[in-house]
Amino acid sequence: MNPDDPDGDLVRRVGEGDVHAAEALVARKLPRMTALAQRLLGDRAEAEDVAQEVFLRVWKSAASWRPGAAKFDTWMHRVAFNLCTDRLRKRREVALPETWDAPDPQPLADAAISAEQQSDAVGRALAELAPRQREAIVLTYYQELPNREAAALMGIGVDALESLLARGRRALKARLEETDA
Amino acid sequence: MLEMDLNRFETLVAAYGATPNRWPDDERAAAEAFARADPRAAALLAEADAVDTLLFAHRVAEPSRTLRTMVIEGAPRKRRLTGRARLWWSGLALALAGAGGMLAGSAATAALEPISANVQMYSHEDVPALDYSTEETTL
Chain F
23 MNPDDPDGDL VRRVGEGDVH AAEALVARKL PRMTALAQRL LGDRAEAEDV AQEVFLRVWK
83 SAASWRPGAA KFDTWMHRVA FNLCTDRLRK RREVALPETW DAPDPQPLAD AAISAEQQSD
143 AVGRALAELA PRQREAIVLT YYQELPNREA AALMGIGVDA LESLLARGRR ALKARLEETD
203 A
Chain W
23 MLEMDLNRFE TLVAAYGATP NRWPDDERAA AEAFARADPR AAALLAEADA VDTLLFAHRV
83 AEPSRTLRTM VIEGAPRKRR LTGRARLWWS GLALALAGAG GMLAGSAATA ALEPISANVQ
143 MYSHEDVPAL DYSTEETTL
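Those protein sequence lines, which keep their order, are chains F and W.
Using the working numbering, read the first sequence as starting at 23 and increasing by one per residue.
Using the working numbering, read the second sequence as starting at 23 and increasing by one per residue.
A couple of the hints might just be wrong.
Said to hold, decoys possible - Straight-line distance between alpha carbons at most 20 Å, and here's what the computed SDA-like set of lysine to any residue pairs gives:
id: 1; chain 1: F; residue 1: Lys-112; chain 2: F; residue 2: Pro-153
id: 2; chain 1: F; residue 1: Lys-112; chain 2: F; residue 2: Glu-150
id: 3; chain 1: W; residue 1: Lys-100; chain 2: F; residue 2: Ala-46
id: 4; chain 1: F; residue 1: Lys-82; chain 2: W; residue 2: Lys-100
id: 5; chain 1: F; residue 1: Lys-195; chain 2: W; residue 2: Ala-72
id: 6; chain 1: F; residue 1: Lys-112; chain 2: F; residue 2: Gly-64
id: 7; chain 1: F; residue 1: Lys-195; chain 2: W; residue 2: Leu-67
id: 8; chain 1: F; residue 1: Lys-195; chain 2: W; residue 2: Glu-32
id: 9; chain 1: W; residue 1: Lys-100; chain 2: F; residue 2: Lys-112
id: 10; chain 1: F; residue 1: Lys-112; chain 2: F; residue 2: Glu-68
id: 11; chain 1: F; residue 1: Lys-195; chain 2: F; residue 2: Ala-137
id: 12; chain 1: F; residue 1: Lys-93; chain 2: W; residue 2: Pro-46
id: 13; chain 1: W; residue 1: Lys-100; chain 2: F; residue 2: His-42
id: 14; chain 1: W; residue 1: Lys-100; chain 2: F; residue 2: Ser-86
id: 15; chain 1: F; residue 1: Lys-82; chain 2: W; residue 2: Pro-98
id: 16; chain 1: W; residue 1: Lys-100; chain 2: F; residue 2: Val-41
id: 17; chain 1: F; residue 1: Lys-195; chain 2: F; residue 2: Arg-113
id: 18; chain 1: F; residue 1: Lys-195; chain 2: W; residue 2: Lys-100
id: 19; chain 1: F; residue 1: Lys-82; chain 2: F; residue 2: Asp-40
id: 20; chain 1: F; residue 1: Lys-93; chain 2: F; residue 2: Glu-150
id: 21; chain 1: F; residue 1: Lys-112; chain 2: F; residue 2: Arg-154
Hint data in this document are derived by calculation from the structure and do not stem from the laboratory.
Produce the complete structure using the sequences and hints provided.
Written out as structure tokens, the structure reads:
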């Protein structure tokens, strides 16, 4: 946390046991953490588990939190990101059954397609991206992290992030055009 | 302002899309100037904008009230006595008050005891009679 941290005062009050501050922090961050986890994991229930785990760590750390280099939001993203990548790693360790097949893509052709259907189609396309491309897109576009923060979170340089973003966008577009055809 | 050429502009838009707010801070001004000045920029921006529109079609539901409540329940809070704890502390306070009263009472008794003890020890009968004949008086 640094002196310019927009969450700094709120976190200090949470650490002092101010329940109103805790409610405000939840209102500000829970949607963000849930969305991050859902887009990385593609599973709502798991995303909610991750969001709860993130907040358990927030509650434990708030009283002892001291200003440092990172903003509190960045620290929360790191916690959530690590929890998600742990879950994804465990998923990969579980072998898929031989009969498993990827679900058929849903057509996206109808011009009057509902917003919900379009959202679902993009969600499926996101889920099918290479994991690192998906992480780059989620952190940069949906979480709106500055490029340096997103790159640092992923343990890569800004050049590598830009490459992942460009490839991810191309793959996403191709996937949606394919389902649209 | 950093230098911007077509190659870098293309890379920038391919990675960060068509919205200048998402472009890196240190390159935004140069990229915006390039977009205004170079006619090739428009096609790149239009293509990127179409992908941006697709990306932002994705929606995630707001957290449920149940989840919010569960999360908030775990938050640290100032120590406030629950009904049971309040009863316990009241009992303790009463006990302490009683003990204090007893202590004060016994202290008061203890303070008075030497007098009454002396009175008993030196009852009227036990007090030896003064022998004035042996008393030396110095004036």
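### Query
So which hints don't hold here, by number, going up?
Hints 9, 17, 18 and 20 are the ones this structure does not satisfy, whereas the remaining hints hold.
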